Every structure is written in C-alpha cells, then in structure tokens.
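Peer 1: The primary structure of each chain is shown beneath.
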Amino acid sequence: MRLIVKGCLVSLAIFSALCASSTVHAFPEKSVRLTVGFGPGGPSGIAARFMQKRFTAVTGQELIIINKPGAGGAKAWSQIKKDKKDGYELTLLNFPHTVLQPIARGKNAGYSYEDIQPVLYYTSVPQVLAVRKDSPIKTFKDLVSAIKAKPGSVTIGGTGIGGSNHSAFYKLNKAGGFKAAYVPFKDTSSTIAGLKSGSTDAAWTFTTQGVKDGESIRMLAIASEKRMSLFPELPTLTELGYPVVDVAYWSIGVPPGTPSNIRQLVSDAFQKVVNDASVKADMSKGGYQPILIPYPKSNEFKARLGRDYGAVGKALSKKK
Amino acid sequence: MEFLHHITVAFSPYILAVGTCGLFLGILLGALPGLSSTFSCAVMLPISFSMDPVPGLIFLGTVYMGSTYGGSFSAILIKTPGTPQSITTTFDGFPMAKRGEGGLALSIACMASVIGGLTGIFVFLWLAPPLAEFALMFGPAEYFWLALFGLTIIASLSEGNLVKGLISGFFGLALSQIGVSVVSGDMRFTYGNPALIGGIPIIPATIGLLCLPVAIDLIADPDHHLSTPLTKRSNNFLRAARAIWDRKRNAIQSSLIGTLVGIIPAAGGAIASLVAYAEASRTAKKSDRFGDGDPGGIIASESANNATVGSGLIPTFVLGIPGTPPDAVILGAMMVHGVQIGPKLFTEHNDIVLTFLSGMTIATVLMLPVGLFLGRFIYSAVTKMPKSYLVPMVALMLVIGSFAIQNNYHDIVIMLVLGIVAWVINRFGFPAPPIVLGLLLGPIAEQGFAQALMIGRAKDAVLEIFFARPISVALIGCILAAIVLPPLLRRSSLNRLRMRKNV
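Line by line, the protein sequences are chains A and B. Here our numbering is used: the first sequence runs in plain steps of one and ends on residue 320. Here our numbering is used: the second sequence runs in plain steps of one and ends on residue 503.
I should point out that these hints are in silico values taken from the structure, not numbers from a laboratory. These numbers come from a predicted model, not from an experiment. Be aware that one or more of the hints could be misleading.
Under 8 Å between C-beta atoms, here's a sample of chain A residues computed to sit facing chain B [to be verified]:
1) GLU29
2) GLY39
3) ALA74
4) LYS85
5) TYR88
6) THR155
7) ILE161
8) ILE192
9) SER199
10) GLU215
11) MET219
From the derived model, a few chain A residues whose C-beta atoms are all more than 12 Å from chain B [claimed, not checked]:
12) SER78
13) GLU239
14) SER260
15) GLN289
All C-beta atoms in this analysis are idealised placements derived from N, C-alpha and C, irrespective of residue type, glycine included.
Modelling step: build the complete structure from the supplied sequences, incorporating the hints.
Peer 2: Next up, the structure:
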C-alpha cells in the first residue's frame with residue numbers, strides 16, 4: 001500500500017516537474033488574450049492590432065484582442081486584478097493615463113497605480129498640436145499670438161479629462177503662461193472631427209493622426225525630445241522655447257501578483273513579435289515609434305513615468 | 001461608365017465568394033442579440049488580414065451590411081434588437097409578428113434593407129467628396145439638437161400616455177449619466193462600484209429592457225409566442241413588395257435620411273433609424289398606426305440603418321473620420337492594410353474605391369435572396385418551436401449576447417436588473433423603449449451641450465452657437481414640428497369631425 005502511495009507521489013512529482021519545465025520552454029502554448037480599454041479603430045486599438053497581424057506567424061498561437069472601451073480605458077484596467085496570473089490574460093496599458101487617472105479619480109478610479117504592472121513597453125507616440133489646413137493660424141507663433149491677443153478665447157480640443165492630451169495642454173499652458181479653453185472629446189476621432197469641422201481652433205492629438213489626416217490638418221509643433229524622422233519639418237516645442245515633452249506609451253500588462261518568471265516569458269514572447277520586421281515597418285509607417293523596454297527594466301520605467309506625471313496629475317485634479 | 005467596368009471585375013468568383021461569406025456571417029452574427037455590427041467587424045478583422053486589401057475591405061463591408069440587416073430578425077421575432085441599429089425595428093416589427101405577420105415583417109425588412117443599402121452605396125459612388133463636407137458642418141451644438149430630435153419620438157411611442165412615456169425617457173437619461181463624465185472627468189453615480197465606471201452599456205441594457213419582459217411573458221402566458229398566420233400560403237414576397245410600393249415615399253425619405261445621418265461622424269445606424277422613424281411617423285397618414293405594428297415603421301427603420309452602411313464610409317474614406325461606429329474598425333483595417341485614405345484615394349487609387357463599391361453593390365443585391373431564404377427558415381423555426389425549447393434558447397441568447405462583446409459578467413447582471421425593472425414598470429403602463437432612447441441619446445446630448453457651452457463661452461457667443469447655425473436652425477424647426485404639429489393636427493381633424501356631425 002505504502003509503495004503504491006509512494007509510487008503515485010513520485011509519478012506526480014515527475015509529472016509536475018515535466019509540466020513546469022514545459023511551461024518554461026514554450027510560451028505561449030495556447031491563445032493569448034489581450035484586453036484593450038479603447039475601441040478597435042483608435043490609436044490604442046490599432047497599436048494592438050499591429051501585433052495581431054504577425055502574432056500567429058511568430059509564436060504559433062493566436063492573439064485574441066478584446067476591446068472594452070469605457071471611462072478613458074479605466075473600464076478595462078479596473079478588471080486587471082481579476083485576471084489569471086498565468087500570462088495568458090493580458091491587458092494593454094496606456095501611459096500616462098494609468099498614472100494620471102488614479103490620482104485624479106482617487107478611490108473611484110476602479111484601480112490603483114500598484115495594479116498597473118507593465119512587462120514590455122513596445123511603442124509610443126509623441127503628441128502634436130494641430131490646426132486644420134485652412135486655418136488662419138499657420139505656425140506655432142501665430143497660435144501663441146492668437147492666445148495672447150485674447151486670453152481664454154482660443155479653443156483647444158483633446159481626448160477626455162486627465163488623459164495625455166489634457167496633460168500636454170496643461171504643461172504647455174504652464175510653460176508659456178498661456179490661457180486657452182480646453183474642450184474635451186470622447187475619443188481621438190471625435191477630437192479630430194471637432195478640429196476639422198472648425199468647432200475648435202486647435203487640438204492636441206498624436207502623430208498617428210498626422211499620418212492619417214496629414215492632408216487636412218497642419219501640425220504646428222511636436223511634444224517630443226527630438227524631431228521625428230517621419231516629419232522632419234515639424235519643430236519640437238523645446239526648440240520653439242517651450243520645454244514640453246509629452247509622449248504616450250503602450251505596454252503589455254500582467255495582473256498584479258504575477259510571478260516574475262511568467263512576466264519574463266510574456267515579455268520575451270511579445271518582444272519577438274514586436275521585433276518582427278514587418279510589424280516594425282507597419283508601426284513606423286503609421287506614426288508610431290517602436291521602443292523596447294522589456295521586463296524587468298519596465299518596472300523602472302513605470303516608476304519614472306509615475307514620478308514625472310505625479311505632479312501633473314495632482315494639478316489636473318485640483319483644477320476642476 | 002467606369003463603374004460598369006468595375007462591376008464586371010467584381011463579378012469574379014473570388015470576390016463573389018468573399019462577399020457572400022461576409023454577408024452570410026454578418027446576417028447570422030447580427031441576428032444574434034448583443035452581437036453588434038462593430039463587434040462582428042472586429043471579430044472578422046483577423047480573417048480580413050489574410051486577404052488582399054480590396055477583398056479584405058469588401059469582406060468587412062459585407063459583414064457590416066449583413067449584420068445591420070440581420071439585427072431585424074431578432075428585433076421582429078423576439079423584440080430584441082440584434083444590433084443597436086434595429087432598436088426602432090422592434091417598435092412595429094414585434095407587434096406585427098405577435099399578430100401573425102412575422103413572415104411579412106421579415107420580408108419587408110429585407111427589401112427595405114436592400115433599398116436603403118443600395119441608396120447609401122450609390123450616394124457614396126457619385127457624391128462622396130462633396131457630401132463629405134456635410135460631415136464637417138456638424139459641431140457640438142448640432143449633435144445636441146440632433147439628439148433632442150431623436151428624443152421627440154418618445155411622443156409617438158407613448159400613444160395614450162405621454163406623461164408615462166416622458167417619465168420613462170427621463171429615467172433613461174438619468175441612467176445615461178452613470179460613469180465617468182467625458183466633459184468634466186467626474187465619476188458619477190458609481191458608488192465606488194467598478195462595474196459601473198464605464199457607464200450602463202447600451203447593448204446589454206437594450207437586451208434587458210426590451211427582451212427580458214418578453215421572455216418573462218413567454219413563461220407567464222400559456223399562449224403561443226407568436227400567433228400563426230391565418231392564411232396558410234400567403235405570398236409574403238408579393239405582399240411585402242406591395243407594402244413598400246404603397247409607402248414608396250417613406251422608403252425613399254428614410255433611405256435619404258439614413259444616408260445623411262450616416263455621414264455625420266459617430267452618429268450611426270441607431271440614430272439614423274430613430275430620426276427616420278420620427279420623420280416617418282410625423283408625416284404618416286392618420287390611418288397608420290406607428291408603434292403598433294405598422295409596416296411603415298419597419299420600412300423607415302431598416303432602410304435608414306442600411307443606408308448608413310454606404311454613406312458612413314464617405315467621411316471614413318474622404319476625411320478619415322469614421323461615419324458610424326463599425327467604420328472605425330474598417331478604418332483601422334485600412335491602416336493596417338496600408339491603404340492610405342483621404343481625397344487622394346479617389347484620384348490616384350480610384351480602382352480601390354470602385355472595386356470596393358462594386359463588390360458592396362453586388363453583395364447588397366444578393367442580400368435579397370439570401371435574406372428572404374434565411375427569413376423564411378428562421379421564422380418557421382421560431383413559430384413552430386415548442387415553448388419548452390424556445391424559452392431556454394431565448395434566455396441563453398440573452399445571457400450570451402450581454403456577455404459576448406466585452407466578456408463582462410457585470411453586463412449580464414445589468415441586463416437582468418434592467419429587464420426586471422422594465423417588466424415591473426410595464427405592468428404600470430410605463431413603456432420601456434423611451435428608456436433605451438434616453439440611454440442612447442443622453443450622452444450625445446450632454447456632450448454636445450457642454451462642449452457647445454465651453455466653446456460659446458470662450459468665444460463670447462453662447463447664443464449664436466446654439467441658435468444661429470443653419471443646421472441647428474433646421475433641427476430646431478424639426479423638433480418644434482414634431483412637438484407642436486401632431487396635437488394641432490389632431491385638434492383640427494377633431495373639429496372637422498365635429499363639423500360634419502353638426503351638418
């Protein structure tokens with residue numbers, strides 16, 4: 001009898017050892033679910049779809065994308081805690097949104113800064129300040145003089161309150177001592193529609209829109225550290241004398257409490273996909289800047305963004 | 001006649017197969033409660049990535065067209081809009097089915113969809129660049145007035161008791177306030193519950209409000225779900241064609257309204273069919289009974305929502321602004337496929353546009369036989385099925401439909417709670433459809449109002465922005481007409497009646 005029990009235990013041990021080793025060697029072994037907190041056609045939805053196109057070819061498994069738009073992404077992020085910590089239930093994280101929202105909304109945010117666990121930052125888009133093509137405002141200087149001529153009368157659109165557009169708006173106002181009216185829209189495409197229809201004088205948006213809408217909008221300045229090779233003519237705000245840098249980042253996120261070996265596996269697998277030449281080319285063509293900050297460096301980067309945006313977040317929530 | 005040339009190109013077996021598959025899948029997904037057109041297109045997106053850009057786009061476009069029409073199946077047969085676009089189809093479709101004319105209602109829906117669908121595509125074909133400008137005439141104030149106009153149909157939906165209809169409408173508006181406010185960033189009425197931070201999702205709410213009461217009544221009521229047709233072998237095809245011919249003005253008017261609303265960014269098929277329905281019921285003859293099983297209601301709703309499919313692509317292709325929610329998915333697909341949008345697409349890559357539209361035209365025409373066939377099949381299945389099978393199946397579909405889009409358990413709870421609320425208040429004479437309208441139109445009205453106010457204040461022109469723009473003025477005129485005219489007409493016809501009696 002004891003022998004049988006022993007035998008069972010031994011085989012169980014061997015079996016589990018085999019299982020463990022097999023998970024180490026192959027990830028993913030089944031389809032991977034990625035939840036996106038925005039609709040399928042916006043900058044976040046597209047950032048996820050770029051990977052979907054090549055995911056199967058690179059990893060041999062399917063990438064299933066679930067769009068859960070709502071509350072500026074918070075609907076999806078508030079559910080991260082409940083996901084399985086096995087690396088197959090992932091969420092796309094937007095920065096600085098996930099830093100700013102918990103500050104502005106407090107315990108109503110549905111999630112906390114600690115729930116946000118990035119394992120691979122893989123793409124970014126700088127923000128741009130744009131006007132429509134036939135606007136009398138031709139350059140950034142024109143915009144500044146319009147703002148100064150009648151403080152508070154120039155309307156600047158952007159997506160939501162307490163998101164990256166709002167933060168860029170706040171930073172530039174602070175840097176230049178400007179006073180303008182911020183008009184929040186539901187999503188990026190309504191922000192652009194508002195700009196093109198002349199409802200707002202200018203808009204804060206992303207370089208992706210510069211690619212898509214290049215013929216009908218004019219970008220005045222970019223909030224990145226350096227000029228972007230896709231738009232060599234576009235000056236940075238720093239060059240123009242206003243040191244404002246505000247870039248949106250996307251990262252693959254795991255639920256809090258996920259073991260570090262699983263974080264590493266997820267990071268490695270997605271890194272292979274993002275490194276695929278065609279994925280990189282698609283992203284660059286679309287106005288995205290491929291970056292690569294894998295686990296565990298992703299933790300430090302999150303801490304840096306947390307510090308950078310902490311003060312902005314407090315200011316934005318106080319302003320209301 | 002470049003288009004004719006492209007029609008022949010599009011008649012290749014490959015394109016035909018892609019289009020038919022898309023249509024078939026679209027109709028089936030659309031007919032399942034909860035699976036919206038946006039969801040259907042998003043689900044089919046990976047498949048389209050495996051095709052070349054043009055067939056891929058035709059595939060997505062036909063899925064969209066099919067699902068817009070498919071939504072009418074469940075709208076008519078179980079009072080559950082399969083997609084939000086067919087919310088208005090339930091108003092008259094279900095009463096018709098209830099009195100045994102479900103087969104006729106389905107045939108009417110199919111033909112109206114084809115008429116609307118073709119209208120939208122042809123308008124795109126010939127008028128895309130100039131009409132795209134129309135999309136740019138819509139600012140926040142116009143959205144506000146458009147939403148208010150949509151709300152006026154509460155009056156025609158609550159025949160008999162306007163006060164109760166309005167109370168329902170306000171309840172819906174109140175529900176629409178839950179969640180994060182777009183314009184202030186505040187968290188409203190969530191009571192710390194993360195399930196509510198995204199607001200009340202429209203699809204599970206609609207399923208609960210409209211269909212759950214039907215499902216409960218199915219159990220409570222010993223009668224058959226739908227009464228069976230009296231005349232055994234009536235030819236629905238001819239009767240439907242006749243019904244539409246008699247209401248050709250309605251069909252044309254609704255197709256055009258759908259086309260225009262489709263061009264307005266982010267308004268979409270649900271708003272289009274509401275507006276078309278409001279106009280059709282306002283201009284209807286007195287003998288028509290809108291809201292009580294009038295074929296005109298189905299014609300208005302279905303021709304308008306299918307017209308948005310083609311016209312919604314106008315701002316999408318020309319301006320890069322999605323005309324309707326599923327167009328956002330199609331736009332995303334175009335980006336990933338590397339198709340550059342914008343006016344250049346019409347000059348330098350006209351081939352892509354023309355082949356795409358040819359494929360869509362053929363698929364829309366194919367919708368007639370495919371739709372009529374499926375309609376006949378599904379109708380007889382639903383009427384003949386014993387209740388002991390039908391009820392569990394409907395119940396299962398309601399739960400899956402609420403869950404499927406976002407994989408959210410909360411959505412099932414929301415569906416059940418609102419459904420029970422609707423069943424209870426129905427007992428007291430409060431109609432559920434105005435709640436759905438409030439929920440759908442509330443956010444549009446609120447955001448439009450607040451944004452217009454912000455812009456107006458910045459420019460010191462609050463009154464001008466609301467009352468001095470041409471489209472705003474036209475919409476205000478429509479709203480006044482919708483509110484003031486029906487009571488006046490009723491009074492004058494009463495007077496006439498009295499005068500006749502006196503003579």
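Peer 1: Hint by hint, note whether the structure agrees.
Peer 2: For each hint, the structure was consulted:
1. Interface restraint check for GLU29 (chain A): the shortest CB-CB distance to chain B comes to about 20 Å, outside 8 Å, so the restraint is violated.
2. Interface hint at GLY39 (chain A): satisfied, since its Cβ lies 6 Å from the closest Cβ of chain B, which is below the 8 Å cut-off.
3. Interface restraint check: ALA74 (chain A) against chain B, minimum CB-CB distance 5 Å, threshold 8 Å, status holds.
4. A distance limit of 8 Å between C-beta atoms decides the matter here; for LYS85 (chain A) the minimum to chain B is near 17 Å, and the interface restraint is violated.
5. Given hint, TYR88 (chain A) at the interface with chain B, is violated; its Cβ is 13 Å from that chain's nearest Cβ, farther than 8 Å.
6. Below 8 Å, beta-carbon pairs count as interface contacts, and THR155 (chain A) has one with chain B at about 5 Å; its hint therefore holds.
7. At its closest, the beta carbon of ILE161 (chain A) sits 3 Å from a beta carbon of chain B; the interface hint therefore holds under the 8 Å criterion.
8. Using the Cβ-Cβ criterion of 8 Å, the hint placing ILE192 (chain A) at the interface with chain B is satisfied: the shortest such distance is roughly 6 Å.
9. The beta carbon of SER199 (chain A) is positioned within 8 Å of a beta carbon in chain B (closest approach about 4 Å), and the interface hint is therefore held.
10. A hinted interface residue such as GLU215 (chain A) counts as satisfied when its beta carbon comes closer than 8 Å to some beta carbon of chain B; here the least separation is about 5 Å, so the hint holds.
11. For MET219 (chain A), the shortest C-beta to C-beta distance to chain B is roughly 15 Å, which exceeds 8 Å, and the interface hint is violated.
12. Annotated as non-interface, SER78 (chain A) brings its C-beta within 12 Å of a C-beta of chain B; the closest such distance is 4 Å.
13. Distance check for GLU239 (chain A) against chain B: the nearest CB is about 28 Å away, which clears 12 Å, and the non-interface claim stands.
14. With 12 Å as the threshold on Cβ separation, the claim that SER260 (chain A) sits away from chain B holds: the shortest Cβ distance comes to roughly 27 Å.
15. Once the 12 Å rule is applied to beta carbons, GLN289 (chain A) is consistent with being away from chain B; the minimum gap is 16 Å.
Consistency note: the structure conflicts with the earlier hints numbered 1, 4, 5, 11, 12.
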